[in-house]
Amino acid sequence: MNAAITITGLGKRYRYGGARSSGNLREDLTAWARGLFRRDGRSRPTLHQVHEQRLDASPEYFWALKDINLQAQPGEMLGIIGPNGAGKSTLLKILSRITPPTAGRIEYRGRLTSLLEVGTGFHRELTGRENIFLNGSILGMSRAEITRKLDQIVAFAEIEKFIDTPVKFYSSGMYVRLAFAVAAHLDPDILLIDEVLAVGDLHFQRKCMGFARRLRDSNATVLVVSHNMFAVKAMCDRVIYLRGGRLIHDGDVQTAIGLYEKDSHLEIAPWAQGILGTSDASKCPIVFTDVRMLDEQGNPRTVFEFGERMRVRLTYEAREPVANPNFCVGFSRSDNVHCCVHSAFVDGLRIPLATGRGVVEVLTPPLKLTAELYTLNIGIWDSEFKRLYSAQVGGNFHVRHALFSTHFGVFYEPAQWKTL
Amino acid sequence: MNAATIISADQRERLRQFLRDLWDYRELFWTFVERDIKVRYKQTALGVIWVILQPLLMSGAFALIFGKIARMPTDGLPILLFYLAATVPWNTFATTVSQSAMSMEANAGLITKIYFPRVVIPGAIVFGSLLDFTIGWALLNGLALWMGHWRWQMVALTPLLLLIQSCAALGVGLALGALNAQYRDVKHAVPFLMQVLMLATPVIYPASRLPEVVQRVLFLNPMAGVVTAYRSLLETGAMDTALVLNSLAIGILLLAAGLWFFRSREARMADIL
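Chains A and B, in that order, give the protein sequences.
Take the first sequence: its letter number 226 is residue 226 in the working numbering, and every next letter is one higher.
Take the second sequence: its letter number 198 is residue 618 in the working numbering, and every next letter is one higher.
Derived from the structure by calculation, the hints contain no laboratory data.
Owing to the predicted nature of the structure, the values given are computational and were not obtained by experimental measurement.
Any given hint might turn out to be false.
[Unchecked claim] No more than 27 Å apart at the CA atoms, straight line, and that leaves these computed lysine-lysine pairs for DSS-like:
(1) A:168 - B:462
(2) A:168 - B:458
(3) A:368 - A:233
(4) A:149 - B:533
(5) B:533 - A:161
(6) B:533 - A:207
(7) A:149 - B:607
(8) B:533 - A:168
Build the full structure now, drawing on both the sequences and the hints.
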């Protein structure tokens, strides 16, 4: 059986601050000419080699991906995870042929399509029908194939009445439905999904994932880039872990998720990077340098029974004095639902001025969260929640209960019942 | 099962894949031609009438200013016909070149998200413009017929002249389109460039009035050969074969150079757009 995708020695070099002309011809020529007059018997480098060596040595260039080797089989769903800047999106971009590799090669069989393309190429002035043909051709369908599937696509999108109306008059819901309907009728052999870039609401994302699962079951290969470890665990048979453009792990899901958790420990939370203007915790005025999840007695734990209390012990370091720091501990579920926050300032802990190193501890009320995987979010605000000093990833923990799963919602609280 | 697709850092493998893609994406070419034509006339009140009005108004204005007032000689042709014979091919050329120059930027949303041979976009623009040209050309023939200047050679030799024009337009358009993807200055320079090019093409004056030396430089511009050929076809039913072949050679050269330049930048386009 042939592999669906074979990647060998793949690398991509980028220039900081965007691509420009790739270097100085004069410098290359001088270095090359110098090589011509060398008499030590070593082979003379070609102009191309000289150019490559100079770019590799230059601090302006970096490898977004390097020495990637992997194979994916038909019927396989492959997760791609890793911290920010690991090269996940670059890998998808090369696979979808938007950007060429700098080194190595990829060979794949069949039709490849990516879900982030939903709706690209639609033209506002054209009708629904015309756009189906336009979008379908752009995504690689033949006109005969589109004609054959037209009725199905229209029915799937539920836009029968508006098929000859220009799409600029469509509601956004109709627009997305039509775009997805075209994509869903592509029958690709390889599907690429970038969860971060796949626009749309939760409902739409679920639809995409359902689509991916159906495709996988019909023997297509699916590659998913995701930050949602819950989804990765639920869907993928195999996970690739990338860090700094290198392939660190290729194999079982649990190991890869473990690596991800270890690497993202105490990292600045993705949502806060924009607000703080940095992804580097050492640049924040006050940060957490350690976090411990403990049970009531003070023993380290990552699995808690429903109704147990949790101690979180936080070590902070203030690089500059911070007045009235408001330490916060929050829980978010693995599908990124933000469940609750405990605020030190709101609960009455006053620290007039934080300087140097210090430790704070919070004992939560009995955990009412339903059984699931949660992420501990730790942050420091000012007392009015106006200024954010730091927001970091504190680690993951499980809540266990035989009955109260997420079918019961976010939390379970007993109520008072009686018969009348 | 389909043949394997190769994504490689190796130039030779990349070229082989590119040639296969050109064939695989041939239907997309027609889809783009259709899209461009449909979109162009969708929200215009006058629609196709613009295609007739544009060269007619332009020739009318030239005829009035340069013919009647400045008394520019017209190689023995009726003044209006003299100008229409030039504005019909020139307008199509100028429009396609400017549109191709903007085409990478205009389709940036597509180019940064989906792969297809980028050359399909300017290719479709040049091909789609043939519709406009045909309408203008029919107008030119109608006017020639009415003025008693029509010759069958007009019909016989137009395909050759059109080929020269299309090659040159695609060649220049490809180069400008690739440049504009990187340097947006090009967008501002194009209208100016087209004006200069129009002066370097005998649109408002007859080439025959220029000194021999200047003519030799002038005919390095393939459009100069094309325009002159149309006029002489209308006047005598013949054209200067050496001149037209010279223009054809330059047109093909321009296309080859444009394609080469475009190809060398095509791969990086998504990164710089």
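We went through each hint and held it up to the structure:
For the hint linking residue 168 (chain A) to residue 462 (chain B), the alpha-carbon distance of about 13 Å falls within 27 Å, and the restraint holds. A threshold of 27 Å between alpha carbons decides the hint, and for residue 168 (chain A) with residue 458 (chain B) the separation of about 15 Å falls inside it, so the pair holds. The straight-line distance between the Cα atoms of residue 368 (chain A) and residue 233 (chain A) is roughly 24 Å, inside the 27 Å bound, and the hint therefore holds. For the hint linking residue 149 (chain A) to residue 533 (chain B), the alpha-carbon distance of about 24 Å falls within 27 Å, and the restraint holds.
Using a Cα cut-off of 27 Å, the hinted pair residue 533 (chain B) and residue 161 (chain A) is violated, with the two alpha carbons roughly 30 Å apart. For the given pair, residue 533 (chain B) sits about 21 Å from residue 207 (chain A) by alpha-carbon distance, which is consistent with the 27 Å threshold. For the proposed pair residue 149 (chain A) and residue 607 (chain B), the alpha carbon gap of about 40 Å is over 27 Å, so the pair is violated. Of the supplied pair hints, the one linking residue 533 (chain B) and residue 168 (chain A) holds, its CA atoms being roughly 21 Å apart against a limit of 27 Å.
In this structure, the hints that do not hold are numbers 5, 7, in rising order.
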